[in-house]
Amino acid sequence: MNDRNPTFAELDRDGAIEEAAAKAGINRSQFLRRSAFAGGGLIIGGLPIAFSLAQGTSKGDVDILNYALTLEYLEAAFYKEANSGSALSGKLATFAEVVGAHEDAHVEALKKALGSAAVAEPKFDFKGTTSDSKMFAATAMVLEDTGVRAYQGAAGLIKATAILEAAISIHPVEARHASWIAHIIADGGSSPSPAPEAFNPAADMETILAEVAATGFISTESGATPSSPSSGTPSVAG
Amino acid sequence: MSNPPDPRAIDRVDPDGVLREGAEALQSARVGQTRSQLFRRGGVLAGAGLAVGAIPIGFAIGQGGLPGGDIKILNYALTLEYLEAAFYAEAIKKGELKGEEAMFAEVVGAHETTHVEALKKVLGGKAVKAPKVDFKDATGKGKFLATAIVLEDTGVSAYQGQAPLIETTEVLATAGAILAVEARHAAWARDIAGDNPAPDAFEMPMDMQAVLDAVEATGFLKG
Numbered sequence: 000m001n002d003r004n005p006t007f008a009e010l011d012r013d014g015a016i017e018e019a020a021a022k023a024g025i026n027r028s029q030f031l032r033r034s035a036f037a038g039g040g041l042i043i044g045g046l047p048i049a050f051s052l053a054q055g056t057s058k059g060d061v062d063i064l065n066y067a068l069t070l071e072y073l074e075a076a077f078y079k080e081a082n083s084g085s086a087l088s089g090k091l092a093t094f095a096e097v098v099g100a101h102e103d104a105h106v107e108a109l110k111k112a113l114g115s116a117a118v119a120e121p122k123f124d125f126k127g128t129t130s131d132s133k134m135f136a137a138t139a140m141v142l143e144d145t146g147v148r149a150y151q152g153a154a155g156l157i158k159a160t161a162i163l164e165a166a167i168s169i170h171p172v173e174a175r176h177a178s179w180i181a182h183i184i185a186d187g188g189s190s191p192s193p194a195p196e197a198f199n200p201a202a203d204m205e206t207i208l209a210e211v212a213a214t215g216f217i218s219t220e221s222g223a224t225p226s227s228p229s230s231g232t233p234s235v236a237g
Numbered sequence: 000m001s002n003p004p005d006p007r008a009i010d011r012v013d014p015d016g017v018l019r020e021g022a023e024a025l026q027s028a029r030v031g032q033t034r035s036q037l038f039r040r041g042g043v044l045a046g047a048g049l050a051v052g053a054i055p056i057g058f059a060i061g062q063g064g065l066p067g068g069d070i071k072i073l074n075y076a077l078t079l080e081y082l083e084a085a086f087y088a089e090a091i092k093k094g095e096l097k098g099e100e101a102m103f104a105e106v107v108g109a110h111e112t113t114h115v116e117a118l119k120k121v122l123g124g125k126a127v128k129a130p131k132v133d134f135k136d137a138t139g140k141g142k143f144l145a146t147a148i149v150l151e152d153t154g155v156s157a158y159q160g161q162a163p164l165i166e167t168t169e170v171l172a173t174a175g176a177i178l179a180v181e182a183r184h185a186a187w188a189r190d191i192a193g194d195n196p197a198p199d200a201f202e203m204p205m206d207m208q209a210v211l212d213a214v215e216a217t218g219f220l221k222g
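Protein chains in written order, with numbering that gives the first Met the number 0: chain A, 0 to 237; chain B, 0 to 222.
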């Protein structure tokens, strides 16, 4: 890999990480029980469940949805920037177009579900990673692997069944993306493996936000962390 | 900050530490702990995939006390994993695959065998037996990849369909860990075949009956 590739392991210590982690801490409740949630089974806007927030949606679930939305904003903006440039061709261009459309769909579904409780889109700075095909591919793999770990880590904390169903309809799609880009990078070789482990690792919100903060891709903190409305019931979308 | 996972529990099932990293990931998913060092791709890929018989920590905890519904789901998952594992074992044994298809079969076959062993270990005496299978010519060069795509896509939909029904947190965490891997397999096979690796923005679940009907329709299961 190119030394200039941004990796989430490059921790910076400017305080942004701590701030994000502190905000994530509000959701470190343990062993939340998932409760039954009326209204599964419909298809709204391509999302295979009735996925608008309903009365009684827990603050924890709203936080998780906004956390997912923030990651999806990040991914969608990354592919949008890549697709608007001219660095990609062939398999990488196809990948960026298909996956970018998926991330856009995830953003729209999550925004629709959250309604007025949705966090605003942050400003991004991808630091030139979308204008070089190798850096694009390496960054895309990191982003997708991160998405898989994030959804997987959050799933067990979701209370409402309908929201869990939504999360696990996105989780395997992120895994497909991650596998796909690894296979493109491997180019017939064995590394990186599209499926490196028998059990995919998970990560919690605090970890993921720290990794995202370390990239420096989020250039404004506005809306970038799951600091959802702290009072009142989220409005019902759609 | 959070406490680290209890290392003794891991050592019980993973004395060599081979699966430690993956196990800690599952543990962190369960109790919300930070394991930032887990953010390394590929460092344990061969070891974890081939650690047959070792099971993630979060998964072992429920042994002996699982609800009946979870046992049913685990046995259903085990049946699908038996089918997948047998498929790849036969394809490898037959020896007709070359290049990327052969590599795919080796890696994915090892994963499915790991899933089988993990599920059997958790279920203990309640585990269903491996079904008799007949893959006809599907494990040969001409049909292997198309069959693998169907099996893996079905596996994704099957785990996705069951996850919301799972009662035990540890079982849900492991189902999620396997769900993502089946999705990686499916995308990998599709990309080798020149199909769209990720055809939809949202994955569609299948319920147990739909999956079992689809499996029965293949004729791969005998008795």
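Calculated from the structure, these hints are not laboratory results.
Computed from a predicted model, the values in this text were never measured in an experiment.
A few of these clues could be false.
To be verified - In the DSS-like style, the derived pairs of lysine-lysine whose C-alpha atoms are separated by at most 30 Å in a straight line are: (1) 125(B) to 142(B); (2) 131(B) to 71(B); (3) 71(B) to 140(B); (4) 158(A) to 120(B); (5) 142(B) to 90(A); (6) 71(B) to 133(A); (7) 90(A) to 128(B); (8) 97(B) to 158(A); (9) 135(B) to 92(B).
Hints and how they fare:
| no. | hint | verdict |
| --- | --- | --- |
| 1 | 125(B) to 142(B) | violated, 34 Å |
| 2 | 131(B) to 71(B) | holds, 20 Å |
| 3 | 71(B) to 140(B) | violated, 35 Å |
| 4 | 158(A) to 120(B) | holds, 29 Å |
| 5 | 142(B) to 90(A) | holds, 25 Å |
| 6 | 71(B) to 133(A) | violated, 46 Å |
| 7 | 90(A) to 128(B) | violated, 43 Å |
| 8 | 97(B) to 158(A) | violated, 46 Å |
| 9 | 135(B) to 92(B) | holds, 14 Å |
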